[in-house]
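Student: Heads up: the protein sequence lines correspond to chains D and F, in order.
Take the first sequence: its position 162, counted from the start at 1, is 165 in my numbering, and no numbers get skipped.
Take the second sequence: its position 35, counted from the start at 1, is 211 in my numbering, and no numbers get skipped.
What the hints contain is simulated information worked out from the structure, not anything from laboratory work.
It is possible that some hints are incorrect.
When the alpha-carbon atoms are kept at most 25 Å apart in a straight line, the in silico DSS-like pairs for lysine-lysine are as follows [as the list claims (entries may be wrong)]:
#1 361/D <-> 196/F
#2 125/D <-> 198/D
#3 306/D <-> 190/F
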Amino acid sequence: MSKIRSFKGGMHPEYDGKELTDSCCVIEAPLLEKYYVVLAENAGRPPKPCVAAGDKVRKYQLIAEADGFVSADLHAPTSGTVEGIVDVPGPMGGSVQAVVIVSDGNDHGSAPFDCWEKWQEKSGAELLERIRKAGIVGMGGAAFPSHVKLAVPPGKKVDTLIINGAECEPYLTADHRLMAEYPQKVITGAAVMGKLLDVSNIIIGVEDNKPDAVAALEMASAGTSVRVQLLEVRYPQGAEKQLIYAVTGRSVPPGGLPFDAGCVVQNAGSAAAVSDAVLQGIPLIERIVTVSGEAVRSPGNFKLRIGTPVIEAVKLAGGITEEPGKLILGGPMMGFAQRSFDVPIAKNTSGILLLPPKAALNFSSSPCIRCGRCVEVCPMKLMPCLLCASIEGGRFDLALKDHVMDCLECGACAYVCPSRRPLVQQFRRAKSELRKKR
Amino acid sequence: MLEKMSDNIPDEIKLPTGSKLVLSSSPHVSASESLRKIMLKVIAALLPAVVAGVWLFGFRALAVIAVTVISCVGAEALWCRLVKKSVSGAVGDFSAVVTGVILALNLPAAVPFYVPVIGAFLAIWLGKQLFGGLGSNPFNPAVVARVGLLIALPAAMTIWSPPRGMDKNYPQAETFFGSAMMKKVNAGELDGITCATPLGLMTDTRKILQTEGDRHQAAAARHNFDKVNSPELLKKYFWGIRPGCIGETCVPALLLGLGILLIFRLVNWRVPLAFAGSVFLLSGIVNFFFPGVTPPPLFHLLTGGLLIGAIFMATDMVTSPVTNTGCLIFGIGCGIITTVIRIWGNYPEGVSFAILLMNALVPLIDRLCVRSVFGSRAQNREQLR
Numbered sequence: 004m005s006k007i008r009s010f011k012g013g014m015h016p017e018y019d020g021k022e023l024t025d026s027c028c029v030i031e032a033p034l035l036e037k038y039y040v041v042l043a044e045n046a047g048r049p050p051k052p053c054v055a056a057g058d059k060v061r062k063y064q065l066i067a068e069a070d071g072f073v074s075a076d077l078h079a080p081t082s083g084t085v086e087g088i089v090d091v092p093g094p095m096g097g098s099v100q101a102v103v104i105v106s107d108g109n110d111h112g113s114a115p116f117d118c119w120e121k122w123q124e125k126s127g128a129e130l131l132e133r134i135r136k137a138g139i140v141g142m143g144g145a146a147f148p149s150h151v152k153l154a155v156p157p158g159k160k161v162d163t164l165i166i167n168g169a170e171c172e173p174y175l176t177a178d179h180r181l182m183a184e185y186p187q188k189v190i191t192g193a194a195v196m197g198k199l200l201d202v203s204n205i206i207i208g209v210e211d212n213k214p215d216a217v218a219a220l221e222m223a224s225a226g227t228s229v230r231v232q233l234l235e236v237r238y239p240q241g242a243e244k245q246l247i248y249a250v251t252g253r254s255v256p257p258g259g260l261p262f263d264a265g266c267v268v269q270n271a272g273s274a275a276a277v278s279d280a281v282l283q284g285i286p287l288i289e290r291i292v293t294v295s296g297e298a299v300r301s302p303g304n305f306k307l308r309i310g311t312p313v314i315e316a317v318k319l320a321g322g323i324t325e326e327p328g329k330l331i332l333g334g335p336m337m338g339f340a341q342r343s344f345d346v347p348i349a350k351n352t353s354g355i356l357l358l359p360p361k362a363a364l365n366f367s368s369s370p371c372i373r374c375g376r377c378v379e380v381c382p383m384k385l386m387p388c389l390l391c392a393s394i395e396g397g398r399f400d401l402a403l404k405d406h407v408m409d410c411l412e413c414g415a416c417a418y419v420c421p422s423r424r425p426l427v428q429q430f431r432r433a434k435s436e437l438r439k440k441r
Numbered sequence: 177m178l179e180k181m182s183d184n185i186p187d188e189i190k191l192p193t194g195s196k197l198v199l200s201s202s203p204h205v206s207a208s209e210s211l212r213k214i215m216l217k218v219i220a221a222l223l224p225a226v227v228a229g230v231w232l233f234g235f236r237a238l239a240v241i242a243v244t245v246i247s248c249v250g251a252e253a254l255w256c257r258l259v260k261k262s263v264s265g266a267v268g269d270f271s272a273v274v275t276g277v278i279l280a281l282n283l284p285a286a287v288p289f290y291v292p293v294i295g296a297f298l299a300i301w302l303g304k305q306l307f308g309g310l311g312s313n314p315f316n317p318a319v320v321a322r323v324g325l326l327i328a329l330p331a332a333m334t335i336w337s338p339p340r341g342m343d344k345n346y347p348q349a350e351t352f353f354g355s356a357m358m359k360k361v362n363a364g365e366l367d368g369i370t371c372a373t374p375l376g377l378m379t380d381t382r383k384i385l386q387t388e389g390d391r392h393q394a395a396a397a398r399h400n401f402d403k404v405n406s407p408e409l410l411k412k413y414f415w416g417i418r419p420g421c422i423g424e425t426c427v428p429a430l431l432l433g434l435g436i437l438l439i440f441r442l443v444n445w446r447v448p449l450a451f452a453g454s455v456f457l458l459s460g461i462v463n464f465f466f467p468g469v470t471p472p473p474l475f476h477l478l479t480g481g482l483l484i485g486a487i488f489m490a491t492d493m494v495t496s497p498v499t500n501t502g503c504l505i506f507g508i509g510c511g512i513i514t515t516v517i518r519i520w521g522n523y524p525e526g527v528s529f530a531i532l533l534m535n536a537l538v539p540l541i542d543r544l545c546v547r548s549v550f551g552s553r554a555q556n557r558e559q560l561r
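Throw the hints in and build the complete structure from the sequences for me.
Tutor: Put into structure tokens, the structure is as follows:
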């Protein structure tokens with residue numbers, strides 16, 4: 004095994020909360036009465052629903068069709084009746100539309116696609132089409148449709164596929180458990196995408212705090228072209244540009260895409276979904292979610308159908324020990340705070356965190372003392388303290404010149420800030436203001 | 177392989193209502209470090225110098241430190257009261273205490289008590305609050321006060337009393353005490369004894385040399401450099417047994433403080449290293465080529481306020497650059513200005529002036545050292561081929 008690699012900058016949180024769930028085996032959730040499958044995912048256009056109230060649906064049936072290329076299909080999580088299309092609290096905030104499916108309790112449905120046990124004989128185009136039809140998206144972050152990331156634009160040369168198993172976010176262990184318990188799926192998915200892209204370098208990047216996952220992957224990858232790369236435990240190791248740098252030593256230019264560094268990056272969860280789509284012929288309708296946080300009675304990892312309301316997941320985890328001060332979908336560094344426990348999970352919901360009021364960060368307006376910690380940790384080599392001063396002074400032009408648009412919003416700067424300044428919030432504000440002016 | 181739904185879930189589970197949910201932008205967790213903790217750690221780093229100062233200069237030094245700190249906190253509280261800001265918020269971050277301790281360590285132990293009171297207002301009001309309070313001040317408040325006092329009350333600021341261990345047996349005692357004081361020292365009288373500092377003696381000497389007096393005077397003066405620079409004396413300087421400000425003399429205490437600051441990661445090591453290093457190097461070069469102009473570099477390192485300035489004053493987070501390169505430039509700039517003032521200036525000491533001048537340049541240095549964003553250097557072209 005080669006040596007442990009990393010990007011430059013970043014930090015490791017004082018408490019990463021992984022110990023709460025990193026040895027909790029994945030528990031399959033029982034069937035629910037109702038699922039709320041959210042139409043609008045974060046990145047890309049929302050798919051158009053192709054079912055109406057009263058329709059009977061079978062498990063895996065297409066319920067919403069991709070609207071254009073940068074959009075992903077949605078499938079029924081179980082068999083039952085469509086109750087209607089209603090507004091629900093969105094996982095990314097606001098109010099979004101969701102298809103409500105009332106389960107008939109049978110969970111009937113057969114694989115809608117052929118099982119390709121000999122996928123090696125299929126062409127790249129066929130494999131890409133299968134991934135598109137299975138509605139697979141980036142399951143680690145922005146839910147960007149996988150087939151878009153796998154379609155190399157003309158003129159770009161890709162020689163490396165990186166599977167993101169870093170899982171650098173505190174508390175989250177969903178990918179960790181996936182890789183430890185289903186390493187074969189991740190390896191197969193990686194190999195399928197490697198074949199599709201026609202690349203010889205297929206590398207799974209895993210942080211050094213998941214020895215069981217690494218061992219499982221090493222064993223499963225023996226004899227394949229897939230290789231495991233250990234990464235330093237350092238946040239944000241799993242950010243796309245940082246991961247590419249850590250694994251290959253190449254850097255994606257500002258405003259560029261992984262293609263510009265000859266790479267394609269896919270999440271480990273997405274790789275497992277690709278394996279299911281190709282070998283079993285089933286679309287993406289469930290995922291592993293970490294339910295954790297100090298306010299949860301028995302934190303764990305659960306296999307949940309897409310559309311499961313958060314409150315049901317909390318029930319699975321034994322309820323709460325105290326009324327949480329924050330509900331977060333995703334990790335505590337980049338996840339989204341929620342206002343209601345009725346919010347359903349989506350394809351990119353990697354974690355459900357319930358933090359007690361004391362543990363949840365409260366921003367204050369203490370002055371910046373220019374300690375420079377934010378500068379030290381910024382993985383994009385920005386100067387957060389100076390950017391924040393420019394933005395507070397209304398100088399968006401200066402912020403633009405200082406590359407605010409390249410901010411990942413990883414939150415490392417705000418995490419280390421001794422004055423608890425809302426740095427990321429200011430950068431988000433500046434980015435949206437600057438986008439408006441364009 | 178899969179565990180089915182376990183039966184261990186109790187019948188009655190407590191479910192959240194969402195009544196206490198707070199919405200905010202990510203991140204949702206933070207490090208435990210806070211402004212108050214940082215200030216308390218800086219105070220801890222200052223403690224060795226405080227203890228050494230009180231040991232060397234006696235109860236009087238402790239009184240000066242107490243008056244300065246109380247005045248600084250008082251000035252901060254009074255300002256907040258006047259401008260209707262939260263008094264407990266501003267005083268509670270302990271930044272005024274830090275300013276107070278640093279200012280006190282930069283005063284002679286024999287200073288009249290009205291001096292630190294005036295200094296406190298110079299530091300907190302002029303140096304900090306007039307610019308908008310903590311974080312907004314371009315100049316280090318303690319240095320503003322020290323320079324202000326030095327210019328406004330030069331006589332009161334230069335009454336040097338001998339530290340513990342500096343008596344008639346001190347090497348070159350007569351050079352430091354002067355003939356009139358020496359008589360008192362020999363007689364064992366203790367009241368009102370004053371003496372010259374090594375830097376002061378050095379400055380007097382080089383002024384004589386630079387005004388091209390007669391040859392005899394020049395030769396005697398040149399001899400003086402050797403007198404204040406004997407190995408025996410350098411050893412005394414190192415342990416802090418020399419006249420000077422309360423906290424500036426004891427080198428081991430200052431180095432211990434630096435160690436604490438570095439362990440807590442409160443200063444960028446580049447600032448003290450570049451500052452002291454460039455003074456050492458420059459004075460070494462001048463001494464090598466023009467041996468009669470200035471004493472050797474070790475003398476510069478161990479006398480005056482160079483170390484306290486480089487360790488505690490130039491490293492102030494608010495008034496030093498945020499990048500590593502910036503810190504190097506800042507430290508070297510401080511070192512050059514200090515050396516130039518010490519060798520050619522009218523004042524014996526240049527550390528405070530150097531820090532103030534470089535403080536003024538910090539916004540420019542920060543602009544100059546904006547890092548190139550990740551990936552902006554086209555380094556991957558080659559690798560791709």
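Student: Would you mind marking each hint as holding or not holding in the structure?
Tutor: Status of the hints after comparison with the structure:
Under the criterion of a C-alpha separation no larger than 25 Å, the hint pairing residue 361/D with residue 196/F is consistent with the structure, at around 11 Å. Between residue 125/D and residue 198/D the CA atoms are separated by roughly 9 Å; this keeps the pair inside 25 Å, and the hint holds. With a C-alpha separation of about 22 Å, the suggested pairing of residue 306/D with residue 190/F holds against the 25 Å cut-off.
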